[in-house]
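Q: Chain residues, written in single-letter form:
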Amino acid sequence: MAAHQVAHRIAEENQRTLNPTCTGTSVVAVTFDGGVAIVADRVASYGKTARYKGVSRLYRLNSSTLIGFGGDHADFQFIQNLIYRRAHDYKAMCGDPDAELSPMAVHSYLTALLYYRRSRMNPLWNTLVVVGTQPDDEGVKKPFIGIVTLKGVAYHPKYVATGLGAMLIQQSLETEFRKHQATYGAETKLTKDEAVGLLRKAMELVYYHDCLAHSEYEIGVVTTEDAAVLPPEELVGNWAMAETNCNYE
Amino acid sequence: MFRNQYDSDVTVWSPQGRLHQVDYAVEAMKQGSATVGIRSNTHAVLVALKRAANELCSHQKKIYELDRHVGVSIAGLLSDGRILARFLQTECSSWRWDYKESVPIQVLNNRMQLKLQANTQHYGRRPFGVGLVIAGYDQKGPHIVKTDPSAETVETYATSIGARSQSARTYLERHLADFSDATADQLIEHALLALRDTLPAEENLTKKNTTIAVVGKGQPFKVIDDNDVQPYLERIGDQPRAVAPVEAEGGDNMQE
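The listed protein sequences correspond, in order, to chains A and B. Going by full-length UniProt numbering, the first sequence wraps up at 249, each residue one higher than the last. Going by full-length UniProt numbering, the second sequence wraps up at 256, each residue one higher than the last.
Only chain B is shown next, with the shape it has when bound in the complex (with noise of 0.2 Å):
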């Protein structure tokens, strides 16, 4: 993709049809650590690796509670994701004040569709340059939606965002079948072992670079962290990587 004259303001249209700053805010979010979201007939599991910008600097917070049924997951402009989140965080929480239950998943959906929408057809703002990945439970069952800069959001049962997320996308398609009855250790396990396919052949996961979040049926949203990341790693310890990892395009730079 290169610089051309349609590519100036988010309310230009190219002769193609394509808004370019759209398209070239989903690249930012393609430049952020990956995340994978999986759910089950009673989970919704998010795993996400976190990026240090040098080994002097913590890892970066990827994963935010929402409320005691949902999370997300942010790839892309950290900064963005946050605003995105602060915003997810009120709506969950103006909906249990006024009817004092959780907010439904779909209603977030609608809400979040909207926000993201706005930025991509008024002369002046910026599409959000951040994918997010929704993990959240509610009376219709466990859910996982992705959200991405052109604010398509869309439910999944499984999906993957970030850099060589594709690696993982494919060992999610290879392992759909076994996903819906699968308990939330088993799913986290997934989620892991697609993780570790966006990696290089050099890297590893480990308990600083890795965080797990699960929701489901009894279980409100909990974010997994350091040394109790420890042990499921070690579960998928002995299972080979199934598939190198695809070609990154661009480096790192300050985004997640």
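Excised from the complex, chain A in its bound form (with noise of 0.2 Å):
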């Protein structure tokens, strides 16, 4: 590139994102009766290296909100703590020490950002699932999950992947819940060791199929009890196609 090329692109680079730099992968989230089970792996990629391992992509806010990321993890981080203070300054204005954001609230105030900073042409480079467990008019928890892409996309599934998860995993975990309905009748739902189970095999999935993804992931889940990010777990996987699959150099 001529001079003036290279300076107008690093003046570009330091006045707004151009692409993410420490990356983390799928999230997969399904709701179950009584509340959402989340889970993502443990890495933060810088490209395809496997840069940062024992990384935590769920953070969990308080008792009824879990957030997964996926994307660059700085500014992750930064949200991570703009929303913290967020909660922080609701129980001073609630007057109440044990006053809690709800997920729904926090999913569309990290719409509302998102939206914005894509507006001015500068995003937060991540995809975030907001999970949890949500009053209803009566003020009967239900299941939550909200997701929010990089460009301000937003809405509520029942079950979500992102990422490369998105083209692998979204369908499985649709013909999941097709079967799960056509067994079980249309209004019930998964329990929640169904929900856990299906999110294991999801990340198998994702194992074998993402570069970037790596095998040690952990769980969350959120119930009307409270919420929790389960300690971390290694899978193995099943790799005896690697014997019959040589066709490459």
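Any given hint could turn out to be false.
[To be verified] Below 27 Å or equal to it, Euclidean Cα-Cα: the simulated BS3-like pairs (lysine-lysine) are:
id : chain 1 : residue 1 : chain 2 : residue 2
1  : A       : K91       : B       : K146
2  : B       : K208      : B       : K61
3  : B       : K140      : A       : K141
4  : B       : K217      : A       : K142
Note that these hints are calculated values from the structure, not bench results. Remember, it's a predicted structure, so these values are computed and weren't measured experimentally.
Grab the two chains, each in its own frame, and use the hints to assemble them into the complex.
A: Here it is as structure tokens:
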């Protein structure tokens, strides 16, 4: 590039995010009867290198909300701090040390934030999944998933996978849900154990097919009682097909 | 209360430790027509007397819906009251924009208090000459909040402000034990009976001069006017007046 083009590019990179640096890959979440489960692996990749291991991509905000991220790790740490401070201010505003932001409130705030940054052409390069239990008009807590992308696209699905998982896993989740409905009836939901089992299978599939995925992952579960990120788990997987699939050098 | 040398600006203290401009503003609130608010464990209700300046005029609107879950009744300078009602409406709607949820009533209280207090501490401003009774329902349950020009913002089980409201407060104190478990309709009856006590003996509550509002569990904020008020008035029609109204101070003027 000519000198003035290099200078211009550097200036632009200093003013807006052009691409992410250390990234997380897929996040998968499913609702079940009485709560939501979410899973993400524990690596931050630098391009295709698995650079930082032992990184948690799930954040427990309060007893009814977990947030998982994919995309730029630094941008997520910024968002994490913003949310933490907002939750803290909320307690002060309500004059109640036990006041908690609901998952819907967090998701709506993040939607407004990410869309605003996208409109300024300086996005926070993340896909965020907010999961939890959300009180309805009667005050009864219902399972909640809210997803926001870096473009500010946001919606409330019953199950979701982000990143490459959106391509690979979402259809498998859909199939499982349909099978469950066909077996047990349209209105029944998965149990907690079924949901967590489904997420473990999903992680295994992601590990096979996504080169940025890693074998160590953690599962988060929110029920009407509490939200918790479970201790990390390691998966091995079945690599037997490697014996037969040798058609490359 | 009479004029003295310490009452020209709100930023001047009197030797007795009073801000006279704030006290005078509270007097303005006391000239407005009465309003009553009561809450139970499930609902909060407001009733208000609407004044008409003369027979040719319509009766003034006293109750404003702020959001699905909260509304306010005003006593005093209605024009000041409208500014505060509009402020609260924008607070409710900007919270809903950010969070897609109803604003907690405590947050509204804090914002209201700051806005009212600012006018009692800056040179050149005057306190709002109006008291508000806010009725709201959030995750903590129903709330009745009373504010006045001194910026004091306080949550209550039941309250009344405006002209001759002491009679209403007497009724409310006497029946306080009945409110917690009352149904919405029973609460409205109590509030109307309390409001009726503020009227001079020869006047009565009519569907033209009375307005009712209710909010609560499963009940979005709803204002009831005109013909819809009549059934409630008929229900209290046979109950005698408990108390003769306390003598009013000051007369009717442009304030409501």
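Q: Each hint should be assessed against the structure and marked as holding or not.
A: Checked hints:
1. K91/A x K146/B: 22 Å, holds
2. K208/B x K61/B: 11 Å, holds
3. K140/B x K141/A: 14 Å, holds
4. K217/B x K142/A: 18 Å, holds
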